[in-house]
Amino acid sequence: MIPAPFDYTRPTTVEDAVTALRAGGAGAKVIAGGQSLVRMLQRRLVRPTLLVDVGCLSRMREVVEEPDHLVIGATTTQHELLHDARVRAHAPLLSLVARHVGDPAVRHRGTLGGSVAHADPAGDPPAAVLALDGEIIVEGPRGERVIPSAEFFVGPFRTALEPDELLVGVRVPKMGEGWTVHYEKFRLSAQKPTLLGVAVMVRRVGDCFTDAHIALANSGSTPVRATAVEVALVGADVTEEAVTKAADLLDGTMEPFARQGVSQAYLAHLARVLTRRAVVAALSW
Amino acid sequence: MRRVVITVDGVVHESEVEPRLLLVHFLRDVLNLTATTIGCDTGNCGACTVDLDGASAKSCSVLAVQADGSTVTTIQGIAIRGERHPLQRAFHERHALQCGYCTPGMIMAARDLLGRVPCPRPEEVREALQGNLCRCTGYQNIIAAVIAAGREQGGPA
Numbered sequence: 469m470i471p472a473p474f475d476y477t478r479p480t481t482v483e484d485a486v487t488a489l490r491a492g493g494a495g496a497k498v499i500a501g502g503q504s505l506v507r508m509l510q511r512r513l514v515r516p517t518l519l520v521d522v523g524c525l526s527r528m529r530e531v532v533e534e535p536d537h538l539v540i541g542a543t544t545t546q547h548e549l550l551h552d553a554r555v556r557a558h559a560p561l562l563s564l565v566a567r568h569v570g571d572p573a574v575r576h577r578g579t580l581g582g583s584v585a586h587a588d589p590a591g592d593p594p595a596a597v598l599a600l601d602g603e604i605i606v607e608g609p610r611g612e613r614v615i616p617s618a619e620f621f622v623g624p625f626r627t628a629l630e631p632d633e634l635l636v637g638v639r640v641p642k643m644g645e646g647w648t649v650h651y652e653k654f655r656l657s658a659q660k661p662t663l664l665g666v667a668v669m670v671r672r673v674g675d676c677f678t679d680a681h682i683a684l685a686n687s688g689s690t691p692v693r694a695t696a697v698e699v700a701l702v703g704a705d706v707t708e709e710a711v712t713k714a715a716d717l718l719d720g721t722m723e724p725f726a727r728q729g730v731s732q733a734y735l736a737h738l739a740r741v742l743t744r745r746a747v748v749a750a751l752s753w
Numbered sequence: 003m004r005r006v007v008i009t010v011d012g013v014v015h016e017s018e019v020e021p022r023l024l025l026v027h028f029l030r031d032v033l034n035l036t037a038t039t040i041g042c043d044t045g046n047c048g049a050c051t052v053d054l055d056g057a058s059a060k061s062c063s064v065l066a067v068q069a070d071g072s073t074v075t076t077i078q079g080i081a082i083r084g085e086r087h088p089l090q091r092a093f094h095e096r097h098a099l100q101c102g103y104c105t106p107g108m109i110m111a112a113r114d115l116l117g118r119v120p121c122p123r124p125e126e127v128r129e130a131l132q133g134n135l136c137r138c139t140g141y142q143n144i145i146a147a148v149i150a151a152g153r154e155q156g157g158p159a
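From first to last, the protein sequence lines stand for chains S and Y.
With positions in the first sequence counted from 1, the corresponding number in the numbering used here is that position plus 468.
With positions in the second sequence counted from 1, the corresponding number in the numbering used here is that position plus 2.
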């Protein structure tokens with residue numbers, strides 16, 4: 469399958485990339501690794517008139533450590549998330565999730581920023597960023613803007629990014645004492661997209677949960693937080709029974725963007741089972 | 003049209019290409035390097051896997067313009083002084099191919115693994131070849147061949 473024609477530019481600075489996006493108007497689209505976009509171009513699901521390639525902007529491929537946060541450059545690849553010592557130490561959920569993205573060759577090119585900006589409701593990294601309460605750092609003609617992940621994903625493949633804005637990084641809090649993480653993913657066969665993914669971060673003090681962040685992939689038109697389960701877990705005993713009870717509170721009325729032919733009842737059951745498994749697995753992390 | 007300079011298998015190629023041209027089509031149709039095959043054209047099968055700047059990539063999922071300034075190694079460029087690469091030899095000796103269509107990608111993905119993990123365990127080989135499909139179901143022999151090539155290349159037996 470051959471994409472429709474488009475123009476291509478490879479800016480050398482973030483400023484030039486923003487200028488190119490602005491000049492390109494509604495027809496401009498950013499490409500980084502291209503692991504989702506090239507597919508969509510081939511199927512002509514998107515028909516940009518201009519591709520702005522940010523894959524070579526070195527400033528966007530840095531991981532910067534702040535006292536309480538990591539700022540992960542947008543073009544950091546899934547492979548790098550999997551192996552970078554700082555990400556593994558301070559944001560292990562992102563490393564865990566990266567392992568579930570594509571295959572080694574795809575992870576060599578696919579980027580965190582690309583996955584977040586692509587906003588596939590079944591994408592694994594967006595759910596992790598949401599569970600982390602990550603912030604999306606954006607550059608545009610009006611300067612820098614920071615968007616909380618809870619406000620960033622607005623619909624299937626739709627985000628709060630303006631057409632002339634560029635996602636330059638993702639800022640996540642460093643994981644503190646007592647937190648453990650897990651990502652549980654289910655798909656119907658080896659190369660199918662995620663049918664359901666559950667990103668979990670829990671904090672325990674003694675025998676008690678003190679914090680819980682749980683985000684689901686493909687349970688709605690965007691990644692969503694399982695707020696009812698989070699609330700039920702906080703203060704609960706660290707027992708499998710308490711975890712099961714909390715997971716059973718999961719809203720069963722989910723409307724995934726891509727249902728993949730399974731029934732509502734199947735999905736609701738799956739979500740509860742995976743959420744329980746994910747929390748239990750996080751505890752033994 | 004856009005001018006690109008891409009080094010492929012040690013030769014510098016300068017070409018005018020349409021931005022929509024995929025790297026795999028650049029290799030096969032522009033440079034006539036047809037050993038790299040196109041299997042699915044959807045990023046699943048891995049037949050078109052090449053080395054792009056030191057890391058495996060599916061050349062059907064990369065635009066040729068994205069590879070401007072890059073170094074590409076294909077299955078046609080891995081022989082060492084005219085001798086088959088240890089992986090090529092191991093695939094041949096251990097019957098790790100039947101129809102051979104997936105083989106260029108299998109070998110390039112395996113080469114990427116051996117570059118990072120010289121003596122991989124069977125699970126590591128399986129994981130590394132996750133994105134490469136063989137429809138003759140020859141996986142057992144492929145895994146055995148990759149492990150054998152790793153040992154031959156210098157790891158302890």
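Treat the hints as calculated values from the structure; they're not laboratory data.
Each hint should be verified, as a subset may be incorrect.
With a cut-off of at most 20 Å between alpha-carbon atoms, the simulated DMTMM-like pairs for lysine to aspartate or glutamate come out as follows [as the list claims (entries may be wrong)]:
1) S:K660 x Y:D70
2) S:K497 x S:D475
3) S:K497 x S:D536
4) S:K497 x Y:E20
5) S:K497 x S:E612
6) S:K642 x S:D552
7) S:K660 x S:E723
8) S:K497 x S:E483
9) S:K660 x Y:E20
10) S:K642 x S:E723
11) S:K497 x S:E630
12) S:K497 x Y:D70
Sample of chain S residues lacking proximity to chain Y, with all beta carbon distances greater than 10 Å (derived) [stated by the list, open to error]:
13) A472
14) D475
15) E534
16) H547
17) P609
18) Q659
Cβ coordinates follow ideal geometry from the N, Cα and C atoms, glycine included.
How the hints compare with the structure:
no.: 1; hint: S:K660 x Y:D70; verdict: 32 Å, violated
no.: 2; hint: S:K497 x S:D475; verdict: 10 Å, holds
no.: 3; hint: S:K497 x S:D536; verdict: 33 Å, violated
no.: 4; hint: S:K497 x Y:E20; verdict: 17 Å, holds
no.: 5; hint: S:K497 x S:E612; verdict: 19 Å, holds
no.: 6; hint: S:K642 x S:D552; verdict: 14 Å, holds
no.: 7; hint: S:K660 x S:E723; verdict: 18 Å, holds
no.: 8; hint: S:K497 x S:E483; verdict: 16 Å, holds
no.: 9; hint: S:K660 x Y:E20; verdict: 32 Å, violated
no.: 10; hint: S:K642 x S:E723; verdict: 32 Å, violated
no.: 11; hint: S:K497 x S:E630; verdict: 11 Å, holds
no.: 12; hint: S:K497 x Y:D70; verdict: 19 Å, holds
no.: 13; hint: A472; verdict: 7 Å, violated
no.: 14; hint: D475; verdict: 6 Å, violated
no.: 15; hint: E534; verdict: 28 Å, holds
no.: 16; hint: H547; verdict: 7 Å, violated
no.: 17; hint: P609; verdict: 24 Å, holds
no.: 18; hint: Q659; verdict: 5 Å, violated
In summary, the structure is inconsistent with hints 1, 3, 9, 10, 13, 14, 16 and 18 from the numbered list given earlier, while agreeing with the others.
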